[in-house]
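Take a look at the letters that make up each chain.
There are 2 protein chains.
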Amino acid sequence: MSHIIVTGANGFVGGALARRLQDSGHRLTLIDRDFDAAPAPGARQLRGSFGDPALLDAALDTPADTVFHLASMPGSLAEREYAAGYQVNLLATLALAQRLAAHKDGARRTRLVFASSVAVYGPLDADAVHEHQAPQPAISYGAHKLMTEIALADLSRRGLLDAVSLRLPGIVARPASESGHGSAFMSLVMRRLAAGEAYVCPVSAAATAWWMSLPCCVDNLLHAAAMDTAGAPPSRTWQLPVLHLSMEQVLAALAARYGDASRDLIRHQPDAAIEALFGHYPALHTPAALAAGFRHDGSAAELVRRALAEAAICS
Amino acid sequence: MSHIIVTGANGFVGGALARRLQDSGHRLTLIDRDFDAAPAPGARQLRGSFGDPALLDAALDTPADTVFHLASMPGSLAEREYAAGYQVNLLATLALAQRLAAHKDGARRTRLVFASSVAVYGPLDADAVHEHQAPQPAISYGAHKLMTEIALADLSRRGLLDAVSLRLPGIVARPASESGHGSAFMSLVMRRLAAGEAYVCPVSAAATAWWMSLPCCVDNLLHAAAMDTAGAPPSRTWQLPVLHLSMEQVLAALAARYGDASRDLIRHQPDAAIEALFGHYPALHTPAALAAGFRHDGSAAELVRRALAEAAICS
Chain A
0 MSHIIVTGAN
10 GFVGGALARR
20 LQDSGHRLTL
30 IDRDFDAAPA
40 PGARQLRGSF
50 GDPALLDAAL
60 DTPADTVFHL
70 ASMPGSLAER
80 EYAAGYQVNL
90 LATLALAQRL
100 AAHKDGARRT
110 RLVFASSVAV
120 YGPLDADAVH
130 EHQAPQPAIS
140 YGAHKLMTEI
150 ALADLSRRGL
160 LDAVSLRLPG
170 IVARPASESG
180 HGSAFMSLVM
190 RRLAAGEAYV
200 CPVSAAATAW
210 WMSLPCCVDN
220 LLHAAAMDTA
230 GAPPSRTWQL
240 PVLHLSMEQV
250 LAALAARYGD
260 ASRDLIRHQP
270 DAAIEALFGH
280 YPALHTPAAL
290 AAGFRHDGSA
300 AELVRRALAE
310 AAICS
Chain B
0 MSHIIVTGAN
10 GFVGGALARR
20 LQDSGHRLTL
30 IDRDFDAAPA
40 PGARQLRGSF
50 GDPALLDAAL
60 DTPADTVFHL
70 ASMPGSLAER
80 EYAAGYQVNL
90 LATLALAQRL
100 AAHKDGARRT
110 RLVFASSVAV
120 YGPLDADAVH
130 EHQAPQPAIS
140 YGAHKLMTEI
150 ALADLSRRGL
160 LDAVSLRLPG
170 IVARPASESG
180 HGSAFMSLVM
190 RRLAAGEAYV
200 CPVSAAATAW
210 WMSLPCCVDN
220 LLHAAAMDTA
230 GAPPSRTWQL
240 PVLHLSMEQV
250 LAALAARYGD
260 ASRDLIRHQP
270 DAAIEALFGH
280 YPALHTPAAL
290 AAGFRHDGSA
300 AELVRRALAE
310 AAICS
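Chain order of the listed sequences is A and B.
Letter by letter, the first sequence follows residues 0 to 314 of numbering that gives the first Met the number 0.
Letter by letter, the second sequence follows residues 0 to 314 of numbering that gives the first Met the number 0.
Worth flagging that the hints you see were computed from the coordinates, not collected in a lab.
Heads up, a few of these hints could be off.
Claimed, not checked - Away from chain B, derived, C-beta distances all over 12 Å, residues of chain A: (1) M0; (2) A39; (3) R107; (4) G121; (5) Q132; (6) P134; (7) T147; (8) A290; (9) R294; (10) A300.
As the list claims (entries may be wrong) - If you want the footprint, here are the derived chain B segments under chain A, 3+ residues with CB under 8 Å: (11) 136-142; (12) 145-156.
All residues carry an ideal CB built from backbone N, CA and C; glycine is no exception.
Turn these sequences into a full structure, and let the hints steer you where they fit.
Here you go:
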């Protein structure tokens, strides 16, 4: 029985991952500031910040085989609250990595799966993005994610950690209550139409974005925990494959599932700022990530099905 | 009269910079753990670590207009002493940047000139390196320099700092006493031949490296302090132009200056590790840095002349 730790375990992604892990037969330690539900049998909940050394002492009462580090302050919020984002997204994350590196026990190293972000790239123009493109973050959240990737690669190179950093796109469909994500519209459009509710969409029908469902994201996180890293690149970083879809393609998939009447529920009222930031994503090429076993949802229809199936469970 | 701070001001580069600045008429604060000489009139020496908050309080009794951050633990040493390198080269450096950012006074931002390193690139193959190449550091020193570049770019983007990061090559001709640099042979070969002493060179005559003299490096640091950053790239980072020379070309320039007899003082006894790390540098293209006004020494003859003229002053 191995010991698995999940930070941000009450979050949108972390909660789904915890549910998937709770029947795995492993010892499971869940860390978050609060929890919406009681722990499953065999799982342990620790309330507090992963940046609190005493809490980490408790979490690491037995060394962790695998740590999923998902906790972070979302991008829009971290951009407004710089000092708090710097503390959580950079300093506390680096301290966690140092702590896990110090825990190295002989040849046994902790597999640290780190939720990085496509925010590392910075402004995207019309050209397709390749997974090896030099990142140029344009928000502090992206800068701190990129710095963490570099730190984890260095600790892995030194043999002190066994890190896998995944650059996640926006994941759908988040609950309407979640804030701090500028890309919230991507989830809202799905949930509203599935519920038969009208929605004023802040991007045009032609707006393109990178899409991934929550179950697909969890699949990729679990793959990152299980994969052989012997042939991993020095960066220890993979850009997850995504579906590159226009809002029109997503609306068509929703209409196919929920009826053509759902088309009448949508009114486009593009917000220039949101359209600029989240409406012009180019194609994304990820041959290395695909070769390493990471996957996108396969099709818009499957994206919608999986995103809303999971939403039904967790909202 | 503006206030200029130099960290690592007793080092090889910092000392030369301090000598150049001491007659500039500005208020000059020099920080280092120790000093070999008394301060020039108008300059102030603070003994201690730039990572010590109390020392920074003293240094910043009046806000700094310009900070040259040159202090760091050298690459080879930081690779052996990971914890110390992490503390100095990453954490203390980030704390210094935060401190200067917090000092922002209205529209007045501190110009922070940061000595980054070509160590950010990682292994170099036969292909020419372009200044925009995606870095992939292979030592902790390089990882921490790269992380700092990203942090400074982010603080500059936020308007809290006005940073310029320069990726420095090995600088010649360091005193023989300096340790921790795997590239020490580049300086030793110059000093020994200039002094008429025999030298066993640990790389072959064909070994190629990136060369810059100390006066040239100081010129570039001063240019970084004075340049207009209005059109700077978001990275705030420039790869300094270098001379890409074989050891044979450097030996020829030394022979031209010190006589053909100096050729007999050299015996090549390549060390496989040093040749691998420092003997196969490819060409380096830096059009953006040249356009921004940064310069290399111009020729092997001028490199040798300037490297040894400065060496004569400071050793």
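So, going through the hints one by one against the coordinates:
no.	hint	result
1	M0	32 Å, holds
2	A39	38 Å, holds
3	R107	19 Å, holds
4	G121	7 Å, violated
5	Q132	8 Å, violated
6	P134	8 Å, violated
7	T147	9 Å, violated
8	A290	19 Å, holds
9	R294	25 Å, holds
10	A300	36 Å, holds
11	136-142	holds (count 4)
12	145-156	holds (count 7)
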